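So the sequences go chain by chain: A and B. All residue numbers for the first sequence refer to numbering that gives the first Met the number 0, where the first residue is 0 and numbers rise by one. All residue numbers for the second sequence refer to numbering that gives the first Met the number 0, where the first residue is 0 and numbers rise by one.
Any given hint could be a false lead.
To be clear about the criterion: a stretch of chain B counts as covered by chain A if any three or more of its residues have a C-beta under 8 angstroms from a C-beta of chain A, and this derived list gives those stretches [said to hold, decoys possible]:
#1 73 to 84
#2 172 to 180
Residues from chain B shown here face chain A by an in silico Cβ test under 10 angstroms; the list is partial [claimed, not checked]:
#3 Gly87
#4 Cys88
#5 Phe90
#6 Gln91
#7 Lys97
#8 Arg155
#9 Gln209
#10 Arg211
For the record, the hints were derived by calculation from the structure and aren't laboratory data. Just so we're clear, the structure is a prediction, and the values are computed from it rather than from any experiment. Glycine is no exception: its CB is placed at the ideal position from the N, C-alpha and C atoms.
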Amino acid sequence: MEKIYTLFYSIGQGMKNIKRNRMFSITSIITITASLFLFGIFYFLTSNVQYMVHNMEKSVSVSVFFEDTISEEQIQQIGAALKRRTDVKKVEYISAEQAWEHVKKDMFEDNPELIETFSEDNPLANSSSYEVYIKDVSKQARLVKAIKQMEGVRKVNSSDETAKALTNFNRLLSVISLTIIAILIAVAVFLISTTITVGITVRKEEIAIMRLIGATDFFVQGPFIVEGIIIGLIGSLIPLGVLAILYAQIIKRVNHAFASLSQWLVFLSVKSEFSILVPVCLGIGVGIGLLGSCITVQKHLRV
Amino acid sequence: MEKKASIVSLEDVTMTYPSGVQAIKDLSIDIAKGEFVFIVGASGSGKSTLVKLLLCEVKPTSGKIIVNGKNITYLKHKQVAAHRRRIGCVFQDFRLLKDRNVFENVAFAQKVVGVQNRLVGKNVRRILSLVGVSEKEKTFPRELSGGQQQRVALARALVNQPTLLIADEPTGNLDPKTSMEIMHLLEDINAQGTTVIVVTHDNEIVNQLQKRVIYLKEGQLHSDEENAKYVEDLSIESAHLSQGAFESQEDDEIWGGLR
């Protein structure tokens, strides 16, 4: 009974502390808001780039061409060998005819008369190939090397530059963002700690009297811990709200402005982004608040 | 003669501060339930340290202290709160919360120990009328006289119904007439069953009230007599001179210990 009462007292007193200590509380809230806002932005960037890379990976393939002298049987053997590899997701055989049809469609769609010059000759005769789809684009180089060493393989075409660049970009982005966020979180913890210290200093006399009357540690420290948690909570709810509105708007505008790139610019939905962002931000925010206040209470309210 | 149950008992207590100051030396005292006792002595005689020992703010270097039938010599930090709830305290500087009115100051003590809100009002009003400041409920400490502030402090000390009341120099900031009023109030409280320990160096009140007097000198028991007179052998001036440096340091220790 006393514990429940003390809990309610702590919550009420914690809110009073925030009001009394307005300037510092607001500064702390702003710092947490800023760090979580940045965290959200970086999260949007990295998760979407990752998602796009993933989408690209699905369409990125390696083309395997054969020696002119190769037999059908050998082609099939190569195909089987490729399928056996664990890093290969899918192998597709493209005959010379299919390849030619593809080129015709791609390049001469607008000038069908040009095709006439080729008449019935398939300029891509002997250009049958395997399209090899890889599971992890970052391991493409190894696969290409392995395929090149296979007997009967003339040439391997790969177009991994885009995927590679995106992966590298994403890695860089993660490192930068994590560094910035770590610094901001440290600043936030420090600021909360300062806020609570001010609160404790202002109420030193009151705390001394509390102790004298026989207040438990829980009773003395509770309000300050609650203060930190509330600051953290507000500091994480504000950026979440702003980010939700912002993200929906950005997706809408980018898709509208770059309609031609819609094949590549596939964004994650607001729902799927926030199903992760909400718990993570709340966790970080409340965690920062808890950490900052606990450190301070341990430092100043120890007997 | 049958011995009454004791509420405070010190056995060969010695207390040396980390700085090397030996504040209490081999002190043995026994105070029975319901007694009214003066603890007197010059500044630096160990009175303040004795109060701190009883409140578990400091621990003795050696010896044994029993309060309310409980050995508090090596009380764990977590048990200190429960121990203090059974002791009421008033001080020379009243220690009221300046930003709260009389009612809130007394109610605060009830809140600290987790009394339900609906009971708080009744308890506070009862105790305010007992100490005679009922009509000042909504007044803030700065608007009260010293005597009234000490009454409020007494109300706060008593509202949780302690078995023991410790008054550390309760009249130090009051004029002689008000001092006597407060002392009579303490007598009334004692008459209702609460054990009262008054720490003082005011020989005027000690000599008028004719109670048991425990006289400390340099941390040791000098005398312990019923209906005793207290004659300080140091002149008031020299006591105050030595007080300055020593007590300000002691004050820091009091607040430091409570933080």
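- request: List in ascending order the numbers of the hints, as given earlier, that are violated by the structure.
  value: Of the numbered hints given earlier, those the structure breaks are 2, 6, 9 and 10, listed in rising order.
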